[in-house]
Amino acid sequence: MKILYTNFHPRNGGGHATYVTSLARAYAGDHDISVATPDTSRLFRYVSAIPGVRAIGMRFSTRPSSWFGERAALRRLIAQERYDIIHVNGSADHKQVMLALIGLRHRPRVVFTKHNDHPLQSWGHRLRAALATDHVIAVSDYVRDMLLASPYQRLPITTIRHGIDTDYFAPLAVAGDEASGRLNASADSSVSASERIRALKDQYFGPGWQDCLLFGSAGGTDYDKGWLDLVSAAGTLPPALRSRIRILVAGDLPNDDKRARVKAAGMQDQVVFPGLLDDVRDALACCHVGFVLSYREALSYACREVMSLGLPALVSNAGGLPENVTDGHDGWIVPVRDTAAIAERLRWMLQDPARVAQMGAAARRTAVEQFGLARFAAATLEVYGQALRGN
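Each residue of the sequence shown is one higher than the last, beginning at 558 in our numbering.
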């Protein structure tokens with residue numbers, strides 16, 4: 558099968574980059590895979606490193622000048638390569654693909670993945686649903702319900718939740734030093750996983766982490782990611798409990814206003830920002846609890862990754878987030894922006910750290926049983942087959 562993936566993000570791309578990279582890596586070798594994305598993007602860098610995958614630098618702007626440059630280049634590419642499937646991942650690239658296909662004699666089937674909870678009622682969506690979509694993938698049942706109330710409702714819609722590499726996102730004690738490749742190559746080979754974890758806690762949290770509950774997230778530092786609600790909730794605890802909380806938030810470094818809010822909660826010495834990490838595993842694997850407290854979320858790679866690393870996940874009830882977690886078994890679900898509910902969970906965790914560890918083991922089992930990359934790739938390939946068959 559000849560497949561073209563498109564994605565418009567010029568820089569980080571978040572879960573889109575992870576999604577397309579995972580599929581490209583899964584199919585490379587068995588299928589002819591190309592990825593069209595800006596050459597400034599994280600996705601371009603990632604797929605360029607996959608043997609057998611063609612990375613094509615392409616922008617998907619909506620400026621009128623794109624008619625004669627970007628759009629014409631996309632049209633030439635599609636006409637020349639005669640793809641079987643074009644898998645679009647956002648409104649900007651979906652629009653450009655729709656326009657590029659007008660009048661082409663060979664029309665590939667177009668699969669659209671809805672990655673977010675943005676509205677679907679615009680005229681643009683009506684046109685794309687009518688003219689340039691053959692099958693829609695929803696990343697959660699929450700998103701599927703949105704699609705069923707949209708112009709895409711007349712099309713086949715399949716829920717396929719994100720798949721992750723659970724061998725790659727494995728606890729150090731499970732993965733082993735050689736299998737995970739996560740010990741420094743120059744380190745003493747006799748260093749155990751437990752010693753490595755202690756070293757990572759020293760590295761990321763500094764001295765004084767002993768007897769503390771360590772929280773970690775790679776969901777980013779945007780306001781709507783809800784991490785400041787965790788900080789505020791911790792700040793409401795009595796001093797003896799508050800002092801036992803440490804929080805790590807990976808992503809773009811926070812601005813002065815966000816740092817001021819951390820300070821106002823009295824948590825400035827207990828929250829660390831390692832920055833945007835290409836490999837988040839070590840930073841998260843040394844924590845006790847993962848968290849994704851977003852105000853809006855379609856599903857969340859970040860949640861699935863922390864669970865695969867053996868951390869129970871503290872999540873909000875936003876969007877598709879609750880579809881990852883069984884409350885009280887492998888994580889906790891709290892109402893969006895409810896700092897009192899978060900603080901209540903923090904007290905419980907501090908009182909019963911052994912149970913937190915048991916829930917982390919349950920989170921790992923959930924990830925291995927339900928979040929695997931093979932299942933995700935096979936289900937997506939089945940959608941391509943259905944699109945080609947006209948189902």
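Just so you know, these hints were derived from the structure itself, not from any lab. The reader is advised that the hints may include incorrect statements.
Said to hold, decoys possible - In silico lysine to any residue, SDA-like type, Cα no more than 20 Å apart, as pairs:
{"id": "1", "residue 1": "K559", "residue 2": "R633"}
{"id": "2", "residue 1": "K652", "residue 2": "R639"}
{"id": "3", "residue 1": "K559", "residue 2": "R666"}
{"id": "4", "residue 1": "K559", "residue 2": "Y941"}
{"id": "5", "residue 1": "K652", "residue 2": "S679"}
{"id": "6", "residue 1": "K559", "residue 2": "P796"}
{"id": "7", "residue 1": "K559", "residue 2": "Q678"}
These numbers were taken from a predicted model, which means no experiment stands behind them.
Each hint, compared with the structure:
Simply put, K559 and R633 have alpha-carbon atoms about 16 Å apart, close enough for the 20 Å limit, and the pair holds. For the hint linking K652 to R639, the alpha-carbon distance of about 19 Å falls within 20 Å, and the restraint holds. For the proposed pair K559 and R666, the alpha carbon gap of about 11 Å is at most 20 Å, so the pair holds. A threshold of 20 Å between alpha carbons decides the hint, and for K559 with Y941 the separation of about 11 Å falls inside it, so the pair holds.
Distance check on the hinted pair: K652 and S679 sit about 12 Å apart at the alpha-carbon level, within 20 Å; holds. Between K559 and P796 the CA atoms are separated by roughly 60 Å; this puts the pair beyond 20 Å, and the hint is violated. Our distance criterion of 20 Å between C-alpha atoms is broken by K559 and Q678, whose separation comes to about 31 Å.
Violated hints for the displayed structure, listed by number in ascending order: 6, 7.
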